[in-house]
Each structure stands twice: as C-alpha cells, then as structure tokens.
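Novice: Each chain is listed here by its residues.
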Amino acid sequence: DAKTTQPNSMESNEEEPVHLPCNHSTISGTDYIHWYRQLPSQGPEYVIHGLTSNVNNRMASLAIAEDRKSSTLILHRATLRDAAVYYCILRDVVDDYKLSFGAGTTVTVRA
Amino acid sequence: DTGVSQDPRHKITKRGQNVTFRCDPISEHNRLYWYRQTLGQGPEFLTYFQNEAQLEKSRLLSDRFSAERPKGSFSTLEIQRTEQGDSAMYLCASSLTGGLASQQYFGPGTRLTVT
Chain A
23 DAKTTQPNSM
33 ESNEEEPVHL
43 PCNHSTISGT
53 DYIHWYRQLP
63 SQGPEYVIHG
73 LTSNVNNRMA
83 SLAIAEDRKS
93 STLILHRATL
103 RDAAVYYCIL
113 RDVVDDYKLS
123 FGAGTTVTVR
133 A
Chain B
24 DTGVSQDPRH
34 KITKRGQNVT
44 FRCDPISEHN
54 RLYWYRQTLG
64 QGPEFLTYFQ
74 NEAQLEKSRL
84 LSDRFSAERP
94 KGSFSTLEIQ
104 RTEQGDSAMY
114 LCASSLTGGL
124 ASQQYFGPGT
134 RLTVT
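Residue numbers (my numbering), protein chains in the order written: chain A, 23 to 133; chain B, 24 to 138.
Looking at chain A on its own, in the form it has when it is part of the complex (with noise of 0.2 Å):
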C-alpha cells in the first residue's frame, strides 16, 4: 500500500478556514487522492477525491502539489460539526477495491 502521513492533530476556530496536510511522497502516477472523515460514533463518510487537479465540492476543497507527494484538504469555513477524524487515502490500481485508512488527524473546532 502506498503511504500517507498526517499530523496527529489540529486545532481550529469556528468560522475559521483549515488547512489540513498530508504527504504521500511514493505516490505512483495512476494513484487517486480521497479524503474521508469520521465523525464520533460513527462510520466514516467521503469527503473529495482527486488525481492532478484541484477539486472543489459543496463539503471542502483539495489542493494537489504539482508533483503529487503532497495534497492539502481545505475546509473553509470550520463549523462545530466538521469536528472528526480526517483521513487521506491513496487509492492504487493494485488495492483498487479497498480504502487503506491511516491514523488521520484528529480535527478540533473551538467555538
């Protein structure tokens, strides 16, 4: 499995934008970035995926470095509920079924 590392944890104010890295230096060409998050006491959720280019949706936007070995998960504006674990996930055409969770960091949104 390819590798990703994250911070153990991140802190945040409400309304305040975060920025969350993760670097995954032995990313091949062909592997796709997904995020996921969990939130407490339940099931982790999918939040954005991409493979060269920036991506926005509704939930959070991703920043992909133009060599690939690092991305970043950007939440605009943090609110009380985007408090969650936060995972980056490399996803390579050999383990194409499965999501390889790291330990992710560990968002914490003061009000």
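These are calculated hints, taken from the structure and not from any lab test. All values derive from a computational prediction rather than experimental measurement. Take these hints with a grain of salt, some might be off.
Claimed, not checked - Okay, the calculated bits of chain A under chain B, using three or more residues with CB under 8 Å as the criterion:
id	segment
1	55-66
2	87-98
3	118-132
Unchecked claim - Far from chain B by the CB rule (all over 12 Å, computed), these chain A residues:
id	residue
4	M32
5	N35
6	E37
7	H41
8	T48
9	G72
10	N76
11	R80
12	A82
13	R103
14	A105
Unchecked claim - Examples of chain A residues toward chain B, derived with CB under 10 Å:
id	residue
15	T52
16	T74
17	M81
For each residue, glycine too, the CB sits at the ideal point set by N, CA and C.
Given the structure of chain A, go ahead and fit chain B onto it with the hints provided.
Specialist: What follows is chain B alone, placed relative to chain A:
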C-alpha cells in the same frame, strides 16, 4: 435511499460464543465491504463482495470469520468462538461500482465487546 444500515449496533458476548452481524447496503450497489476498527485506529479492510461473489479476503480474516452475501443484497459476517481480541467496531460499506474514483458509503457500524 436510507443509506447503509447495520444490525445490531452493539453486541456484548462472552468469549467462545458465536456472533453474526448483518449489513444492508444501499440498494443497487454492487459492491459490499467489511472493515474492522479498533480504538484509536483507522478502519482495516477485511473482505469485499462483487454481487454475491467474495473476491478478496484480508489476512486479518482468520478461519473463525466468515462472510456471505447470498443473493447479492444484504451480507452477514459471522465470528465463531469469539476471543477478546475480536472486540472492535465492524463497519460495512457499499459502492455502486469499483475503480479508483469510486466512493464507498459506510454504515454506522456494529460495536462488538467480548468479555
């Protein structure tokens, strides 16, 4: 569409007993996945089905574990002769298709406690 559902949500059992969990995926989703999550860790893949066929099994899935998806709809995960190390959250997910861009939808999980 009510999402992925799992039953029961919580199960407490004594060591050595058998337990069975059920997962109902989103209707029309061809793929169904099982993951296990222990406290403080991310989920770990166990197995997945394409329709009724079980296509992959992780090394984590010992001989005491068996999963079925008899008609390509709901799935069951059975653990025989439970051990304390089996205590975990068991998560089910489904997806409409496979592929690197596909999205998996997770259920709320079944929390198993083996005493």
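Novice: Now look at each hint and say whether the structure bears it out.
Specialist: Tested hints:
1. With 4 residues carrying a beta carbon less than 8 Å from a beta carbon of chain B, the segment 55-66 of chain A meets the three-residue requirement, and the given coverage holds.
2. Coverage of the segment 87-98 of chain A by chain B is violated. Counting CB-CB distances below 8 Å, 0 residues qualify, and the rule asks for three or more.
3. Counting residues of the segment 118-132 of chain A whose C-beta sits closer than 8 Å to any C-beta of chain B gives 9, which meets the bar of three, so the coverage hint holds.
4. Distance check for M32/A against chain B: the nearest CB is about 16 Å away, which clears 12 Å, and the non-interface claim stands.
5. No beta-carbon of chain B comes within 12 Å of the beta-carbon of N35/A; the shortest separation is about 26 Å.
6. With 12 Å as the threshold on Cβ separation, the claim that E37/A sits away from chain B holds: the shortest Cβ distance comes to roughly 28 Å.
7. With a closest Cβ-Cβ approach of about 21 Å to chain B, H41/A is found to remain outside the 12 Å limit, as its non-interface label requires.
8. Here T48/A stays apart from chain B, with its beta-carbon at least about 16 Å from theirs, past the 12 Å limit.
9. Separation of G72/A from chain B is inadequate, the least Cβ-Cβ distance of about 9 Å not exceeding the 12 Å criterion.
10. With a minimum CB-CB distance of about 16 Å to chain B, N76/A clears the 12 Å threshold, and the non-interface call stands.
11. Against the 12 Å criterion, R80/A stays outside the reach of chain B, whose nearest CB is about 14 Å from its own CB.
12. Distance to chain B confirms A82/A as a non-interface residue, since its nearest Cβ pair spans about 14 Å, more than 12 Å.
13. The Cβ of R103/A lies farther than 12 Å from every Cβ of chain B, with a closest approach of about 17 Å, so its non-interface assignment holds.
14. In this structure A105/A is separated from chain B by more than 12 Å, as the shortest Cβ-Cβ distance comes to about 16 Å.
15. The restraint placing T52/A at the interface with chain B holds, with a minimum CB-CB distance near 7 Å, inside the 10 Å limit.
16. Interface hint at T74/A: violated, since its Cβ lies 12 Å from the closest Cβ of chain B, which is beyond the 10 Å cut-off.
17. Hint on M81/A is violated. Least Cβ distance to chain B is approximately 12 Å, over the 10 Å limit.
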